[in-house]
Amino acid sequence: MANLNDYQNIVGSAIIEDIKLLAERLKGKRILMINSTAVGGGVAEILNRMLPLLKELEIDIRWEVIKGGEQFFDITKKIHNALHGKDVEIGSQELEVYLETNKANIQDIDFSADVVFIHDPQPAALIEARGDVQRWIWRCHIDLSQPQKDVWNFLKKFILKYDATVFSAPSFSQKLPLRQFLIPPSIDPLSEKNKPLPQEVIDKVLEKYQIPDDKPIITQISRFDRLKDPVGVIQAYKMVKRYNDCRLVLAGGTASDDPEGQIVYEEVKAAADSDPDIHIILMPHNDLEVNALQRASAIIVQKSIREGFGLTVTEALWKAKPVVACAVGGIPLQIKHKYSGLLCHSIEGAAFAIKQLLNNPEYAQTLGRNGREHVKNNFLLTRHLRDYLLLFLSLFYDRDVIYL
Amino acid sequence: MKIKKAKAPFIFYTRHNLTELLGIKAGNLSQLLKYIREVPGASIYHHTHRFLQIHLYLSPEPPNDFSYWVVNIMREDELAERLACIDIIQYSSIRELRDKIATTIEQYLKEYPRAKQRYAKEGQEFHFMKSISFVLPTRYIANNLKEFVLALKEVSIHSIYFHIFESRIRLEKGDNDFSFWLRTSVGENELAEEISRIDPYTFTLEGLRKKLISMIEEHLKSG
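Sequences listed follow chains A and B, in order.
In terms of the numbering used here, the first sequence has 356 at position 242, counting the first letter as 1, and numbering is strictly consecutive.
In terms of the numbering used here, the second sequence has 304 at position 41, counting the first letter as 1, and numbering is strictly consecutive.
Simulated from the structure, these hints should not be mistaken for lab results.
Bear in mind that the values here come from a model prediction, so they are computed numbers and not experimental data.
Hints are not guaranteed to be accurate.
Label pairs and their in silico Cβ distance ranges [unchecked claim]:
no., chain 1, residue 1, chain 2, residue 2, range
1, B, 467, A, 290, 56 to 64 Å
2, B, 447, A, 166, 41 to 49 Å
3, B, 438, A, 202, 52 to 60 Å
Only pairs whose alpha carbons sit at most 25 Å apart, straight line, appear in this in silico DSS-like list of lysine-lysine [claimed, not checked]:
no., chain 1, residue 1, chain 2, residue 2
4, A, 490, A, 169
5, A, 263, B, 384
6, A, 490, B, 384
7, A, 450, B, 288
Using N, Cα and C, we set each Cβ at its ideal position, and we do this for glycine too.
All chains should be modelled from the sequences, with the hints used to inform the complete structure.
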């Protein structure tokens, strides 16, 4: 596992020194992180990378994962979709299962901490366990800009009991009588998913998945989820294919809290209609292979209908790849149209942008280079780590300029 | 050249910034003007200085969030240009800067009342935020000009940002910390004046670091 000094070569020693200074100011404070899955999905990925670094900074931090049955995760998936704005019906019995599961977890979890940091809606109702002098933060990784009202109102009852909330993009914030912070997530440049790879490794992965390197590869890496619109990507590819020979790779796994994945995977296979140049890969969690597929690609697509932040975009930009992505969620924070990638709003728009990039490789290269620089300055793990330290510190002050 | 010992050492501080969302959004220029007058100074500071922190290198974005929104969402190019051209270095407090931004929008709406009719699409509103600054001392301390320039090469870009931008306008010190120290502790009035005359808003932060280092090294050589 990487340690803080390993990041110096990428971000510089002054940044690491500043992080150490901030961490010193948190000595003696106990932090507890709680989410709903230990592996799969962006949240677990960030926590897995960040916790060892926080520990190295001598922050007293623990991570707990709530337990729930299949039914609980079916319901929280529905809640997730409803908060993303999808029309979903959730019955009162289902809400009861949500509450009961949270109650059961309250019995099991040791909440002794000064700051309790809850990620996403699944464990939000744990706030009922709040102690008098504790600070509780709700970290929302979801695009909450157009939530289904009744589901948000149900959840809001709990959120109002927190001290602060954290969102990934300004448009996700809500009118709430509590402090709301903006902290975009990040990627780890030293992780298996983002570290530089030798060409042999990339070639081996292509060989394993039988993807010939004979024409430009267009790739979308995402869970098989309707909100990522994999079928839309296939339609865009078909529009491009009429003029530009290329391959399409749709690769991803399913998170343990996402029971819908298999169904969507079948829909995608049907849409591909046995085209030999479309490679649909349902892969087990394998960061190195994702890294290799991204690096083997000429263009990375992220045609999400809704998106939290869109870390797959961050990963692609870090690899200096030209990206075509829908302007949803946190994606416009990462891509300035025609400067660090191309934004689109439709299947046709995506197809047009892909064609532009395929036909103008120098332009594509410039976009990729700018994208990497933007990620380096704003979306690497070290910036995220610093923001979390600041967030914890901010809970103990209520001024705009704080001298530590 | 004999190196003058400073009367008081220069302690380099660093500063980090956390963004707080105010939950207030403007959907047209009248609302933008209304909230610009009402939001805390920390919000005006955030929207006029954020670009410096996000883009450490030159970017094609206009140098404040108001201007960016006005041109990209409201499509009022002329107002956007007027807002982008506001010479922040001319203002010594956020209060004065807020007044200038507000009167610029007000004046434009008087000249072009039709601009009041234009609304941003849902999801494209202007979201007001503010900056929470955390200021803390670093291990870099300079007792003379030579030590000062060495430290300047080592400190994080956030330290340079704090002493040049935040100190002057947000903490209302009237001048940047470097010039103040050179003038009052080292007696280097000419160099202090030279640094005060730089418009830091037209540099990238790394560019600014290089500029300061070369000015001081030049001064040491010619000394």
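Verification of the supplied hints:
no.: 1; hint: 467(B) with 290(A): 56 to 64 Å; in the structure: violated, 36 Å
no.: 2; hint: 447(B) with 166(A): 41 to 49 Å; in the structure: holds, 46 Å
no.: 3; hint: 438(B) with 202(A): 52 to 60 Å; in the structure: holds, 58 Å
no.: 4; hint: 490(A) with 169(A); in the structure: holds, 23 Å
no.: 5; hint: 263(A) with 384(B); in the structure: holds, 20 Å
no.: 6; hint: 490(A) with 384(B); in the structure: violated, 31 Å
no.: 7; hint: 450(A) with 288(B); in the structure: holds, 21 Å
Hints 1, 6, counting from the list given before, are not met by this structure.
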